[in-house]
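S.K.: Below are the chains, spelled out letter by letter.
Number of protein chains: 2
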Amino acid sequence: MAENKKLVEQITARDEDFAQWYTDVVKKAELTGYTSVKGCMVFKPAGYAIWENIRNGLDKRFKETGVENVYMPMFIPESLLQVEKDHVEGFAPEVAWVTYGGLQPLQERMCVRPTSETLFCDLYRKDIQSYRDLPKLYNQWCSVVRWEKTTRPFLRSREFLWQEGHTAHATAEEAEARTIQMLNLYADFLEEELAIPVVRGRKTDKEKFAGAEATYTIEALMHDGKALQAGTSHNFGDGFAKAFGIQFLDKDNQLKYVHQTSWGMTTRLIGAIIMVHGDDSGLVLPPHIAPTQCVVIPIRQKAEGILDKAAQIRDTLAKAGIRVKLDDSDRSPGWKFSDQEMRGFPMRIEIGPKDMEAGQCVLVRRDTREKLVVPIAEVAAASADLLEQIQKDMFERARAHRDAHIWDAADYEEFCRTADEKPGFIRTYWCGDEACENKIKEDTTCTSRCMPFNDSEVPEGARCICCGRPAAKRIYWGKAY
Amino acid sequence: MAENKKLVEQITARDEDFAQWYTDVVKKAELTGYTSVKGCMVFKPAGYAIWENIRNGLDKRFKETGVENVYMPMFIPESLLQVEKDHVEGFAPEVAWVTYGGLQPLQERMCVRPTSETLFCDLYRKDIQSYRDLPKLYNQWCSVVRWEKTTRPFLRSREFLWQEGHTAHATAEEAEARTIQMLNLYADFLEEELAIPVVRGRKTDKEKFAGAEATYTIEALMHDGKALQAGTSHNFGDGFAKAFGIQFLDKDNQLKYVHQTSWGMTTRLIGAIIMVHGDDSGLVLPPHIAPTQCVVIPIRQKAEGILDKAAQIRDTLAKAGIRVKLDDSDRSPGWKFSDQEMRGFPMRIEIGPKDMEAGQCVLVRRDTREKLVVPIAEVAAASADLLEQIQKDMFERARAHRDAHIWDAADYEEFCRTADEKPGFIRTYWCGDEACENKIKEDTTCTSRCMPFNDSEVPEGARCICCGRPAAKRIYWGKAY
Chain S
85 MAENKKLVEQ ITARDEDFAQ WYTDVVKKAE LTGYTSVKGC MVFKPAGYAI
135 WENIRNGLDK RFKETGVENV YMPMFIPESL LQVEKDHVEG FAPEVAWVTY
185 GGLQPLQERM CVRPTSETLF CDLYRKDIQS YRDLPKLYNQ WCSVVRWEKT
235 TRPFLRSREF LWQEGHTAHA TAEEAEARTI QMLNLYADFL EEELAIPVVR
285 GRKTDKEKFA GAEATYTIEA LMHDGKALQA GTSHNFGDGF AKAFGIQFLD
335 KDNQLKYVHQ TSWGMTTRLI GAIIMVHGDD SGLVLPPHIA PTQCVVIPIR
385 QKAEGILDKA AQIRDTLAKA GIRVKLDDSD RSPGWKFSDQ EMRGFPMRIE
435 IGPKDMEAGQ CVLVRRDTRE KLVVPIAEVA AASADLLEQI QKDMFERARA
485 HRDAHIWDAA DYEEFCRTAD EKPGFIRTYW CGDEACENKI KEDTTCTSRC
535 MPFNDSEVPE GARCICCGRP AAKRIYWGKA Y
Chain C
85 MAENKKLVEQ ITARDEDFAQ WYTDVVKKAE LTGYTSVKGC MVFKPAGYAI
135 WENIRNGLDK RFKETGVENV YMPMFIPESL LQVEKDHVEG FAPEVAWVTY
185 GGLQPLQERM CVRPTSETLF CDLYRKDIQS YRDLPKLYNQ WCSVVRWEKT
235 TRPFLRSREF LWQEGHTAHA TAEEAEARTI QMLNLYADFL EEELAIPVVR
285 GRKTDKEKFA GAEATYTIEA LMHDGKALQA GTSHNFGDGF AKAFGIQFLD
335 KDNQLKYVHQ TSWGMTTRLI GAIIMVHGDD SGLVLPPHIA PTQCVVIPIR
385 QKAEGILDKA AQIRDTLAKA GIRVKLDDSD RSPGWKFSDQ EMRGFPMRIE
435 IGPKDMEAGQ CVLVRRDTRE KLVVPIAEVA AASADLLEQI QKDMFERARA
485 HRDAHIWDAA DYEEFCRTAD EKPGFIRTYW CGDEACENKI KEDTTCTSRC
535 MPFNDSEVPE GARCICCGRP AAKRIYWGKA Y
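Chains as they are written, first to last, in the numbering used here: chain S, 85 to 565; chain C, 85 to 565.
Hints listed in this document are in silico derivations from the structure and should not be mistaken for laboratory results. Keep in mind that a hint or two might mislead.
Remember, identical chains collapse to one label, so a pair may be satisfied in a single copy or spanning two.
Stated by the list, open to error - Derived lysine-lysine pairs resembling DSS-like cross-links, with alpha carbons at most 25 Å apart:
1. LYS506 / LYS122
2. LYS557 / LYS506
3. LYS147 / LYS112
4. LYS386 / LYS563
5. LYS326 / LYS122
6. LYS210 / LYS111
7. LYS310 / LYS290
8. LYS122 / LYS476
9. LYS112 / LYS210
10. LYS111 / LYS409
11. LYS144 / LYS403
12. LYS335 / LYS386
13. LYS557 / LYS409
14. LYS292 / LYS523
15. LYS455 / LYS310
16. LYS290 / LYS476
17. LYS409 / LYS386
18. LYS563 / LYS310
Construct the complete structure from the given sequences, taking the supplied hints into account.
M.R.: Quick look at the structure:
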């Protein structure tokens, strides 16, 4: 019990100091590590395995829509980065520059990719000649570098892992449809696999991607009421195509510019999982994405037959396709419970001499700590059902929390007070003027999160929350990671 | 027919100019592409999909031996690279240096990882305290950079993809066992999945990895008789541990240094597949690794019912787990045959009106062009069997070719003549002196490939092929990629 307590005491309470709680969970669940490389993180096995499951799940969904994976160079020559004006202004201040190759200074310096639009454009310019070459639906999984000053594990680091999809299309309509398709794919993935509800919408011009015509986003709400932009999908129109000269001969024998999109998700998602689902005992992983879904923990494991029975339960679950481990280390059961809870494994199975005698075992949910006694003969089916139930309940709980933290404001005073006092999204009308966005940010540190697809109606007579002029848009505001 | 011929004519004959043939195949099979980034290659979908299959297959085998994946930073501070003396001498001349982060010069420059021993050591120093923390069996999939002057797709480029495994153990014996285990895992993977026979052996001290105590290698023979080092596994002993101070408290309460290993395979393997199996019609992919294993090609596809029947065959194969495509483009069947052969898909299925009437279709092997007429009702089982047969035959053919290109030499004159006239491995005895290795390299451009595990006996009275002194080792020589 003392040992048990000790392990738990090392985490700060979530509602006491959310930032410190986050740091503690990341560290105690052994998701990341540190090296001498400032601002860069190590993904340890427990952290990387979550990313592998995210990657595999997303990749499968991408491929089902016809996307193909490629790998592009990690370096971008300075002249190539400079081709599209908005793009270079957006990224040049935060890239890492390679100036020496071996012992020789480079004739032209190169940055380590902060994103690869320019490289994909460079390739597409060569590879796209005719309408027969379209669409191009490429994606790559890689790491990118942005020279951040302050960093936090998963949320902001100088190097992070992501995927970046880059597509080229014959028409504007097709590009727009693909942009929305990928945003919805992202949203469905978060809701179905990560149990994170999202608001789908469009970014304002102020917040859109450097070089994009339109940026769409999914916004998730963390437990502390701050928003996290969890994925974005951009319609570039033909802006990059014109800057790079990507033209094709269409069926009507006319030379036309392609229309492009790009879309990306990053290892930030791991931060989102932690901050949406975690609690005072540590990490809570949604079953669909958990590298280990269940731990079998023997009680009085030196008693005759217990370890064998525990191993048998593990094998039964593994055979049923459940990602399961047996903790047969020489620690106490209490220590093992705390350890399993800290690491966020969605359920555990306890089996002791009395259980064995009764032909049963105890299933314990990580999320609610509810216990379920089941016959050993039915343990695989019961565990599979329980994991699905946990997945569903985690999503519903996150949705209820999110919905309880969407606030309306009648006037600007109420807006400012809400921003100050009530964590969450604030839903208002907006005139569409960037000046109001800037004022709101200055007054409250809230930024525009998105103009939602649903809940988008602007009734007759609606007014901008900031300036009071006639409203053009429904919009969500929030403080964000 | 004319169209057909045109496609094939664009490849140089393999035995006429092997290097040009290789370049042609890489280009025409659309494995790689070029961008403005000098010395770096683009992995196009057809090339990257091969790597994905290699990665997935290897990763599964790694994990079955207890290996866990991690991800380390891509940057290495100069001071960290310099900790181990031999290591820095081996790599410093060929690394890319980052000197600016954003607009600011860095206080300490950092290289883009050429390999990550130093980073893993930096992590292990922090994470290993007790025998309970051992072994560490970490691996990462990433790209690395070496500033090569001359480059060739897959074989040598400034950036390439690989995996690097890094393990730490309590004892020298355990480290040596892991080193050999991983080498054998590599060898089995090449033989079973890539259909490439290898010679397993140990590198000489001259050829071993910078910082290693012993390097083991698998050496494959390309169709042109040149060798390719396909994978290496290194035993570091406690050299890195001493340089980095990686110590643990053992069960006997003594502070000890860990023993480490590392092992890697790269996208060179794709080059090996091309050069072992390819022919005058293009790429030939082993079925186990081929992203597309079979193409269904309709003959007279506008005839009634043909496209439906072809699609039905595709669906039947897909359901049976075969990676299959239907080519229903508006090209001629002859063009499609050439295209399938160029891309190396292991088999195709032809189906025309007469076949359909007879309830049959035609299976054509890519490797031998043999045709097999089978009832449509049995097409899935027949295709699965045929793919296994192709895999087996490709391996046997490569092994026969390899075995027919291992030469013995009675004296140094015969050695030099063999090196000059007969492509392949030359098998000799050797005194163990680096001076002889140097002389042989100077006289013949042959390098020592390995001291084989099998075929290692040195009989009484055996002499060094170069200096004539008593021999210490059996050794294979060859010209290499």
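S.K.: Of the numbered hints stated earlier in the document, which are not met by this structure?
M.R.: 1, 4, 8, 13, 15, 16
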